[in-house]
Each structure stands twice: as C-alpha cells, then as structure tokens.
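Novice: Listed here are the chains, written in short residue letters.
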Amino acid sequence: MARIQSNSSLPTGLSPDYWATWIASRPGASVSESVDRDVGEEWIGGWDGVGIYEGNNKIPSYQAVSVHLTNHRFIIIPDIPSTSSSTSSSTSISTPMSLQSHLSHVRQTEFYAGFMRSSAKITLSLGPQLVSQSQSQLQSESQSAAPNDLPHSDPSAAHRGNGGNAWTCNICGYVNSLSSGRSTPNPASKCGLCGIPYGNSQSSFSSSNNNSNLPSRSSTPSINLPSSLKNPNPSTINPLESDVKQEGNDGLISCPACTFLNSPLLPNCEICSTALPRKAKPPIKEGTTITPSPTTGKTDIVRLSFRRGGEKEVYKRLKAVLGDKAWERSGGVMMTTSKQGEIVEGLPRSGAGIDGILQQIDLNSKSQSDHISTAFADLEALMLRAGEMVRLAQSINTKLTTQQASNGIQPTEEESTMIRTSLVQLGLAAPAVTKEMIRDEKRYHDSLAKELGELLTGRYGIKGEGLMVGNKARGVIALDEIWGLWMRARGVSLLSPSTLISILPLIPLHTNPSINSLHLPSSLQVLHTPHYSAPSILSRSLDHLTPSSTSSSAEDTDETQGKEKSFTIFEFASIESLPIGLAKEFMEILEKQGGLVKDAQVGPSEGGEKWYRDIISSWPVANV
Amino acid sequence: MSINQPSSSTPSLSQNYSSPYSRNSDSNGTVNTPLRPIKSESGFEFPAIWSFPPFFTLQPNPSTLSHQLELWRTLVLKWAKHERVYEVNVDGEVGGVFDNKKIKRQLLPPSMKRLLTEMVKNGEAAPDPPKQDTKYLLYWRKPDEWGDLIYTWVTENGLNSSIMTFYEITDGDLSHVTEFYELPTPLLRKALESLVKRGKAQLLEGKGEIGEGVRFL
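First to last, the protein sequences are chains A and B.
full-length UniProt numbering numbers the first residue of the first sequence as 1 and each following residue consecutively.
full-length UniProt numbering numbers the first residue of the second sequence as 1 and each following residue consecutively.
None of these hints come from the bench; they were simulated from the model.
No experiment lies behind these values; they were computed from the predicted model shown.
The C-beta atom is built at its ideal place from N, Cα and C for all residues, glycine as well.
One or more of the hints may lead you astray.
With a cut-off of at most 30 Å between alpha-carbon atoms, the simulated BS3-like pairs for lysine-lysine come out as follows [claimed, not checked]: (1) 102(B) - 592(A); (2) 565(A) - 200(B); (3) 565(A) - 78(B); (4) 78(B) - 563(A); (5) 121(B) - 565(A); (6) 592(A) - 101(B); (7) 592(A) - 121(B); (8) 584(A) - 131(B); (9) 121(B) - 584(A); (10) 584(A) - 113(B); (11) 563(A) - 197(B); (12) 39(B) - 131(B); (13) 200(B) - 121(B); (14) 113(B) - 592(A); (15) 584(A) - 101(B); (16) 563(A) - 200(B); (17) 565(A) - 113(B); (18) 450(A) - 58(A); (19) 563(A) - 102(B).
If you want a taste of the chain A side facing chain B, the calculated C-beta under 7 Å gives, among others [claimed, not checked]: (20) 381; (21) 580; (22) 599; (23) 604.
The shape of chain B in the complex, shown without the other chains (with noise of 0.2 Å):
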C-alpha cells in the first residue's frame, strides 16, 4: 500500500476531491513522479512532465487544461530562448519541444493552435503577418525588450545619430556577440518600432537595393 493512498474503503466526497493534488506532489513542491528530466543534445533539459503523455493532450477539465497551457507557455519561452528561436509555423515540422519523439507524442497543430492563442494573450507571441494563425512570432523577449538590448548596444558602440541598415543590426560585424544577431527582420522592425515611439530612433524607407534603415537618436 502506498503511503500517500487514502482509506478508500471508506470515501467521502470532500476526501476525494481535495486529494489528488495534494497527495501526488511532495511537501517540497515536487511531484512524486517515476518520470525523470530529459536533457537535449543542444543541452536544454526537458523537465520530466515533457516526458507525460497526458501532457500533450490538451485535458478536458479546464481547470488542469488552464495550468497545463500555463506548464507549456513557460516551457515553449524557455525552450525558445534555450534555442534561439524566434518564429513558429504552426502547420510545418515544429519539432523541438512540440515534440517528444521519445515518447512519441506531439503537440498536433489544434493543440498548438490554442496554446499560440494563449500566449498571444499574454503578450509571448503574436501573430506575423497579422491576422492568421499559423505563423507566430515567439516573444521570449518583448519587442520593448529588444529594442531597450539594441539601443543600449548602439549607445555602448557609440553608433548614436548614425544611420545603420537593418542588416547591420541583425548581421553586422559588430553585432555577432549580441543576442540580437540573427534576429528575424518583423521582429527587429517590432523593436524599432517600440523605440520610434519612444522617441529613440527614426526609421528610414529604404531606397532600392540598399534597404531599410534606421537612425538612432
């Protein structure tokens, strides 16, 4: 008999209901679970609900459905984050942590749907272009953050009232070392715009081949 097992020859309403949160987790906080983290070979550790296979099953009831989709949006930014990933299309090979291929099982694209919903509500990811549902952009880091990285950057490299192109941004010598290196265009353009608003930076049309550029103030 398990120790965390109640008397269950004798049940009552009250018993029942409140006991299988509590008794499945541990008075630590930890879930008392045979399943253990996975580690990637990138090195992003899984933790060991990725391993559940309930976990990629949006659940009925909707209270565990509401926290399942919190466990996943923290576990997609981190993973994202892990990974450097900005963008998510919801119709093509996804991979990653919408994949447990251990398990075999996956967040299929209705499930992914409604979590990308989710997270566009709380501000983690938006739609790009607007208005579908199939690419996403994911904001591990807000546009306002982006933008704040980039000005501070410009500010450091002493680029102020310079006009840089938004390649030189994302893929200029200089911005190897940045966490912006490689940062997908729409989401660049979102975090100059961010700054544009705050005044600290002024966008120019591109002219031809030359392209977009921007003028931080």
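Only chain A is shown next, with the shape it has when bound in the complex (with noise of 0.2 Å):
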C-alpha cells in the first residue's frame, strides 16, 4: 500500500483500517507540551487503564494506555511499562508510539456500560471530516502515486474516486464517481443516471458532506446504560449490527421521513428530497481501502476499555467537547476548511433532484425580479429627473415673468414668447394667465384661424379650392360639420371644439372673402360666406319679391295680376341652394331683422307660411 506508506506513519501492528484518522505522535512527548495554545487548545483531562480494540479485536500493545482530552484532540499515549511488569508484549512490541486523533474526525460515539466481565466501553466512530482536506490529499497522493500506480487498477484508488470524491448530477441527483487519477470530474463527462454532461453548475460532491452533523447526531444516545440500551435507534445501540442491518438491503437507505429505500450514493432522498443519514455510507476516509461490503461499518471503529473506570466522565467530557466544537472556532486552518467543507455540503443538495430543480425556478425568478426592479429604478430616477426639469422650466418661466416687470435688463419679447411657446409646447400649463400669455395664445389662435381659413377659402388664396369657395363649395356649413372637417384635414394634434369657437372670431381676419360666424335661432352656429349673410340674403330676397314696374302689365299673367309676390319656404331654399332646415333658421333672422313679412295663414300644402316684402311698415296711415 504506497498510499499508507506516503501517509504519516502508524505505529506497525496498527491496522490502517482502523487507524487512518490517527497520527502517531512524537514518542515521549509529554500531553502539555503537544496542546497547541495558540489555536486554542485546551487539556481537558487523562484517564490511564484504558485499553485500546480496533473493532472487536483487542490491540495487544495497547491494553495499558493512559487517554487525553484536549477539546481539539484525542491522545492515546501507552503507559510506560514498568520493568516487571515488562513481558512478551512489551518485547514483542517494543515501545507502542503515542497516537492522536483530531476530535473532528469523531463521527459517532457509543457508551457501553459494561457487564459482567466485560469492561465499561467507549466507541469512537472515526472518518475523514473534511471534504477540502481529503480533496488536497487526493489530489497529492494522486500526483505522487500517478507515476507508479496509475495503470493498475488499485481499489483503493477507485474506491477514493467513488466515495472519496464524486461528483453528483445537478439534474437527477445521482452521484457519480469520478474515473480514476481524477480529482475533478472531467466536463464532458455525463451522468451515469440521466446522461447530462457535468457543467459549470456542478460541484464536486463528497459524499463526506453530512460529516459534520455526525457529531451532533452522536449526541443522542445518553450517558447511561438502560436508556442507550434502549435507545429506538438501532444504529445507534451497536454500530456493528445496525451497519449491517442497514446495508443489508443491498445497501439501500431508508428515507427517514418516507421510508424510502435510496440508493446509497445519493444524498437526498429520491422522493421527499429529505437528507438522509450517511451512517450507513460506507465510510469515506482517506487511504481506506475497503471495499463496499457490508463489513465496512466496522473498519474505522476504535474503542476504549476503561478497565479502571472513570468511563463515565470521559463520556461527559467527550461529548461536552464535541458538542462545543471548540476547533472550529479557534481559527487557522481547521476552521476554514470546515466551513468549506459546509460550502460543498450545501451545494450539491440544492442542486439535485425535483428540490434542486425548484430552487433553481427559484432562483431565476428572484434574479429576474432583481433585474425588473433595476430597470423601473432607472425609470425611477428618470421620472424624478423629468421632475426637475419641470420645476427647471417653471422657474425660467417665473424668471422672465418677473425680469419682465422689473425694469432689468430685458431680454427681447421673440426670445422670451419663443421660451414661452416652447413650455407650452413642452405640455406645461401657464401658470398664470399673463399679458404675455394671452399675446401668445392670440398668436397660437391667429396660426389656427390661418389654417382654418385656408382650408376654408383655397390655400395661399388660390380660388375655388377651399370648402366654402369653389364649384362645389357650400357657403353655409354648420360648425360640428366644420370641426369633423378640419380635424381629418389636420389628422394629428387634434383641438379641442372650444378651441375652434374660441378663433371664430379670428377667422374673418385669415379670410377673403372673409368667413363669418353666425348663430342661428336655434342655437346652432354655422360659418358663411359673405354671399350668405343676412343682409345679402335679404337683399336678393327683396329683388325677387319686388314686382319689376316697368314689365308689370307685361309680365304679370292674371293669376298674379294684382298680387303681390310671395314665397314659400321651399322657395327660398331652392333659390338661395340651402337646405331647407338651414333655410327656415335664416328665414327666422330675416323675419326678426324686419324687410321681409309673414304670411301665416298659408295652406299646409303651400308649406304652412309664406314670406313677403314688408309693405307694412311703409304704408302710411293716412292711406288705408
């Protein structure tokens, strides 16, 4: 075994089956010299009369041992045999070396009572603690064992790559062992289960990783016989047969929340993704060279006979120390690579299984919502920016407002009108109605009413292409109709119908001929040209109904002799071409402006009323 032997070197006669966690210490070393104060080392206390087993077989050079506690350390330091007592033993084996294992290496212990004959005991349940540790050790053994050992096919080296180091797959979970000479799982490499390629997001996994709560769990049985005899755990009454027991099931492990039986290389359960127990793993240390089978539960196990008592209260303090977990606190390096070991312990359970692939869901949808939150906080801040340059803008506006009125220097009306109508144009209100506004907002209404007028009359006063100048023009058109017709010739920005009766005023000025606005009785508003205004259309009216004196006797046929001239309501639309709805408002005006008179009493056929010239008012009393 090169492994072993590049390894510090046990005492000979020590198994390193059982021993690979213990270092042989310098032979004569005193207990309170080794303490290594500076991490934090403390002695805790040494019981002698110890006996040492390795399994279930007793260790002949070490059946007189005196044990130390430090609360880091275990120290195994055999008793110096005295001269007459020095026997076959002590000559066979000539001076047992002092050993020493880190308490970290503690996965279980057991206490056993004693009966009988037999001594009381404590079990010491040893593995590798540290994933790191045993990665680097790998990794450097590896190198040095590559020259030689590389094409044989050594177990132990295939058994480090399959329990020591594996790497286990991020999608189904299942660990898969590295090739051998390995120490990283090569990239390309796919998962013997479901035959995903080991990416990135894959950590290497020692199936080590549950080892630091091994010492906790280890807590459980208690200190005396009848409770720890009766302990529901049966892997935790005999560690020989509850090893067995549980790999007797072709090694599958039951779930401890569903009983499922898994397989022993994951580290969840398959179902429930629940963590379940390591202890029936095969015990992962370095140089180990078994071979999963079912007797592996017994390689690393140690025992102390105390055959002098004082069992008890190293049991106490053992435990006191393991659950104090003093060297992880004491810094250096010990405490950096448990924690590294927590790392890779976590990693590769929440990467594995349905519980990994939730977590991963989880995991994107917190990033995007990260993401989504940094883009609305830059659209945040530019709000709050658009913020500033509102209040920029009204400042300004209040600064020319007041540099206005105060006799400063004064900045020219096109600059600040052009400032003006830029904040205007910015959407911002005025916020106050000024001289200056109202000059402005003439000038917006003026730029209305010129593009209305163009639109109405023929653009840059080209005849006969407006909508009340031309062939088909009408010169009356009612003001919705107006609207609706301006704002599909305008097509964007569209107004506001006030904004239209607010230019009406200004439409004349943009016009020629000019457009005017008139309310019709009804209230309704039309635009017309000057051909239809009232005093025009009062006008023509007269010249029809005025009898021609001069072709009177000839014209006049009897029927109209003697008559005077008349026209209905049909009449007037037809000669002035306007609707007859429009008609009768116009009718209306000219009724109540007076030069034309009604006749109410006209037959329904005729249209109910007719319209003379206003004979009336001129006749003179004196005539009738």
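If you follow the hints, you should be able to join the two separate chains into one complex; please do so.
Specialist: In structure tokens, the structure reads:
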C-alpha cells in the first residue's frame, strides 16, 4: 500500500483500516507540550488503565494506555511498561507509539456501561472530516501515486474516486463516480443516470458532506446504560449490527421521512429530498482500502475499554467537547476547511433532484425580479429627473415674468415668446395668465385661424379650392361639420371644439372672402360666406319679391295680377340653394330683422307660411 | 331689372338695412304695389294693404308689428264708423274688416285680442263688461264725444230739464236722424256718465218696466 506508506507512519501492528485518522505522536512527548495553545487548544483531562480495540479486536500493544482529552484532540499515550511487568508484549512491541486523532474526525460515539466481566467501553466511530482536506490530500497522493499506480486497477484509488470524490448530477441527483486519477470530473463526462454532461453548475460532491452533522447526532445516546440500550435507533446501539442491518438490504438507505429505500449514492431522498442518513454509507476515509461490503462498518471503530473506571466522566467530557466544537472556533486551517466543508455540503444538495429544480426556478425568478426592479429603478430615476426638468422650466418661466416686470435688462419679446412657446409645447400649463401668455395664445389662435381659413377658402389665396369657395363649395356649413372636416384635414394633434369656437372671431381676418360665424335661432352655429350674410340674403329676397315696375303689365299673368309676390320656405331654400333646415333658420333671422313679412295663414300644402316683402312698415297710415 | 333694385352684387350693411323702407315707397308716399283697394257692398273702400296677406299675420319684427297695429287700429275705426259698428265679439263671427274673404285671410282671435288691447290703450275701445277680453266697445267716437253730441241734440230740440228714457234717446222718433240712433245702451250710459261728470245731466234710476231715465240740466 504505497499510499499508506506515504501517509504519516503508523506504528506497526495497527491496521490502517482502523487507524487512518490517527497520527502518531512524537514518542516521549508529554501531553502538555503537544497542546497547541495558539489555536485555543486546552487540555481537559487524562485517564489511564484503558485498553484499545480496533473493531472488536483487542490490540495487544495498546492494552495499558492513558487517554487524554483536549478540546481539539484525543490522545492515546501508552503507559511506559514497568520493568517488572515487562512481558512478552513489551518485548514483542518494543514501545507503542502515542497516537492522536483530531476530534473533528469523530463521527459517532457510543457508550457501553459494561456487564459482568466486560469493562465499560467508549466506542469512537472515526472518519475523515473535511472534504477539501481529503481532496487536497487526494490530489497530492494521486500525484505522488500516479507514476507508479495509475495503470493499476488500484482498488484503493478506485474506491477513493467513488466515495471520496464524486460529483452529483445537478438534474437527477445521481452521484457519479470520478474516473480514476481525476480529482475533478471531466466536464464532458455524463451522468450515469440521466446522461446530462457535467457542467459548470455542477459542484464537486463528496459523500462525506454530512459529516458535520454526525458529531451532533452522536449526542443522541445518553450516558447511562439503560437508555442507551433502549434507544430506538438501532444504529446507535450497536454499530456493528446496525451497519449490517442498514446495508443488509442491498445497501439501500431508508429515508427517515418517507421510508423510501434510496440508493446509498444519493445524498437526499429521491422522493422527498430529505437528507439521508450517511452513516450507512461506506465510510469515506483517506487511505482506506475498504471495499463496499457489508463489513465496512467495522473498520473505523476504535474502542476504549476503561478497566479502571472513569469512563463516565470521559464520555461526559468527550460529549461536551464534541458538542462544543472548539476547533471550529479556534480559527486557523481547521476552521476554514470546515467552512469549506459546509459550503460543499450546501451546494450539491441544492442542485439535486426535484428540490434542486425548484430551487433553480426560485433563483431564476429572483434574478428576474431583481432585473426588473433595477430596470424600474432606472425609470424612477428618470421620472425624478423629469420632475426636476419641469421645475427648472417653471422657474425659468417665473424668472422671465419677474424680469419683464422689473425694469432690468429685458430679453427681447421674441426671445421670451419663443421660450414660452417651447414651454407650452412641452405640455407645461401656464402658471398664470399673464399678458405675455395672452399674446402668445393669441398668436397660436391666429395661426389656427389661418390654417382653418386656408381650409375654407383655399390655400395661399388660390381660389376655388376651399370648402366654402369654389365649384362644389357650400356657402353655409355648420360648425360641427367644420370641426369634423378640419380635424380630418389636420389628422394629428386634434383640437377641442372649444378651441374652434374661440378662434371663430379670428377667421374673418384670415379669409378672403371673409368667412363669418353666425348664431342661428336654434343656437346652431354656422360659418358662412359673405354671400350668405343676412343682409345679402335679404337683399336678394327683396329683389326676388319686388315687382318689376316696368314690365308688370306685360309679364304678370292674370293669376299674379293684383298680388304681391311671395315665396314659400321651399322656394326660398331652392333660390338660396340652402338646406330646408338652414333656410328656415335664415328666414327666422330675416323676419326678426325686418324687411320681409310673414303670412302664417297659408294652407298646409304650401308649407303653412309665405313671405312677402314688407310693405306694411312703409304703408302710410293716412293711406288706410 | 327693377329700377329700385340696389346693386346687390356689392352688398353692404347700411345699404341693405336702409333700403327696404325707402324703395317700396314712391316719392309721394304711396307704396308701389300691384295690390288694389277693394270697395265693399256697403261702399266702404278697403285699402290695398287689406289685400296683403301678411297684413293678417302679426309680424315678428317689433317695429313692423307696431306699424301694422297702427294701420289696423286706423282701419278698424274707419270701418266701424262707416258701418256704424259699436261692438265686437272676438270669439264670435267677426266678419267685416277682420275677414278678407277674397284672399281668405282673417285676423285670428289672438291677433284680434292683441289689436283690441292696443286699441284700449289708446282709448279707442273698451271691454264691456269690464275685465274680460272678448267683448269690446269700439270708440270710433269717444263717450265724451257722444255725450257732447247728445247734449247738443237735446239743446237744439228744447229738451232741456226734461226727463228722457234711454230708449227715447237712441230709438225715439226724434233721434232717427241722429248719429247716435240705435246706440248700444252701454255706450249710451258711458256717454251720459261723462255728461253727469260735467254736470250736464242727471241719471234717474229706473222704476220697474219704465227703465232708466236721464234728466238733462
């Protein structure tokens, strides 16, 4: 076993199967010397008269030893054999070396109170505690071992790859073994279960990741005998039996939550993602040559047989120290490595199985919401800026106003008007109606009136193009229709009808012939050309109704003889080419203004009313 | 083209508003119209305007309306005097001046009421009995004038200080040739009352069937 030899040398006679985590101390060194106070190590106590077992077998050379406990280490110092008692054991094994093990290697402790001739015993289950440690050791070992052993199918190396360093598939949670000689998985290698290649998200996974749990779990058994015997968990009563028991079922591990029998390679239950107890897993120890067989459970167990008592105190102290985990606090290498162990423990579990997928979804949504919130943070910042800009513009406006009010250096009116116009274009309401703003508003309305005027009378003075001037033009258009046509012509940035009404007085100034607005009696508002102004209509109507004095005798038939001319509303509408409705409205205006008189006693067939020229007003009273 | 047609091609406000009245009249004040006056069977000559259909419709224009009402008042009094009409009933069969059968136009009751109200304002008519608007006395002679006429007649006939009944005044043998022959009693009473106010007559209450009497002083 090249590897074992490369490791710290163990005393002969000790199986590396059991003592892998133990280091031989310098012979003859006292305990107090070896205590490293720099990392906070403290000596707790020592007890003699202890015998050591590896597994169930007594170690002949370590049957009279002292055990010392510090808050970091467990130290075994063989008693110096007295000359009188020097027996074959001392001769055969000249002087057993002192051994020490770091308490972080302790995975489980057992207490056996003794029975009949059997002494009280403390059982220590030991294993490599720290993944990174083991990995670094593996790397160095594999490097050292590579020249010699790489071609060989070294069972130790193979098992190391399998148990000591594996990678967990992120998709299915299957623990894949590494090919021999590799400390990290080949990125191209695929999961043996689902075929997904090892990716960046994969984290190297060591099956020893649960080791940190184990010391605390070791506190489950109580000190006194009866309770430990009655402990319902069979694995804690007798490690030998329990290991066999747990792995008897083809090595499957029963999930503590749902009792599903999981592959021992899985860190979590396949069904419910509960962490599986790792104890039944073949102990992962550097340098162990254990094959995955049911007997592997025995290998890392060291028993201390207290033949002179004190076992209770030792166990109490040991448990206290294990629970305290002073070495993790003490800083230095141990602490960092243990932390690394925790990190390594966290990742693969999060990346495995349904649980992992769910966590991945959680992470994705979290990052998405982060992105969104940052994006909206930008937008909010922009809004804040917009508010500042508005305030700035308003302050400029007020400054302008005050500057113009004072007799200081005044900007030219064009400048101020330009600034204000741009403010209005920004959608900023005028803070107050000032004379300047009225001027600006007027200019705006002027331009609107001009635009509408072009629509009505033709662009740039070209005749015959507008709505109300030209061949197909109408002389009178209702305001709602005007608005609709205008808005359709504008297409964009539509105006409210109130704007149209407000620019009505300006339209005649921008139209030629001037277009005027007229309120009809029905409160309908129309635009009309001069041709349809009330005086024009009246004039034309009177022309129509006044008898031509020169040709009266010649033209007038018998029917019309002796009668004043008249027209009905239909005749009027047809004469003026107006819609009947508009004609009625106009006639109402003419009646009220005078010039035409109404006869309301016309038969319904003629529309009920007729209009005549007004000869009543001019009829002399004396002529009656 | 008519000679009184203005240049309508270049209309202007002042031209149009001033022209309608001037151009319908000749320089001598008569209106240039094809309408002709109509003479009734009783010899009353209705003016040409009476044949103008809008004359029977009250005009919307206020100034036109006021002139129209003035024409009507004049026409009604003139006609009533000629036809010796003392009373009109708006709701009844008015006829006469209020109904031009030739052009089939008549002054409708609302218009008549408006006209009579206007006449009452001018002292040319009075509702009789008072405070109603259907029956009116037409004062083509005012009660004062009637009173003067009666008193002059009494004086001329030496009936001073004598007592006469109402019937004797309006329907007596002596009054056949007078203007107040068959004068309606309400109008007679108003005329006598005006005389009483002036101290020229004294009204006597009627006794039974004899009726009321008056003593001229």
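Novice: What's the verdict on residue 200(B) and residue 121(B), does the C-alpha distance respect the 30 Å limit or exceed it?
Specialist: With Cα atoms ~27 Å apart, residue 200(B) and residue 121(B) stay inside 30 Å; holds.
Novice: Does the structure keep residue 565(A) and residue 113(B) at a Cα separation of 30 Å or less?
Specialist: With a Cα-Cα distance of about 29 Å, the restraint between residue 565(A) and residue 113(B) holds, given a limit of 30 Å.
Novice: Can residue 599(A) be said to touch chain B, with a Cβ gap under 7 Å?
Specialist: Since the shortest Cβ distance to chain B is 4 Å, the answer is holds.
Novice: Is the straight-line distance between the alpha-carbon of residue 78(B) and that of residue 563(A) 30 Å or less?
Specialist: The hint holds at about 24 Å.
Novice: Do the alpha carbons of residue 565(A) and residue 78(B) lie within 30 Å of each other, as the hint requires?
Specialist: holds (28 Å)
Novice: Given the hinted pair residue 592(A) and residue 101(B), is their alpha-carbon gap at most 30 Å?
Specialist: holds (28 Å)
Novice: Have a go at the residue 381(A) hint: is there a Cβ in chain B nearer than 7 Å to its own Cβ?
Specialist: Given a least distance of 65 Å, the restraint on residue 381(A) is violated.
Novice: Keeping to a limit of 30 Å between CA atoms, is the pair of residue 584(A) and residue 131(B) held or broken?
Specialist: violated (39 Å)
Novice: Taken at face value, is the distance from the CA of residue 592(A) to the CA of residue 113(B) at most 30 Å?
Specialist: holds (22 Å)
Novice: Under 7 Å is the threshold here; is the Cβ of residue 580(A) close enough to any Cβ of chain B for the hint to stand?
Specialist: Violated, about 19 Å.
Novice: Would you check the hint for residue 592(A) and residue 121(B), treating anything up to 30 Å between C-alpha atoms as holding?
Specialist: holds (25 Å)
Novice: Does residue 565(A) pair with residue 200(B) here, judged by a C-alpha cut-off of 30 Å?
Specialist: Not OK: residue 565(A) and residue 200(B) at ~57 Å, beyond 30 Å, violated.
Hint violations for this structure: numbers 2, 5, 8, 9, 11, 12, 16, 18, 20, 21, 23, all remaining hints satisfied.
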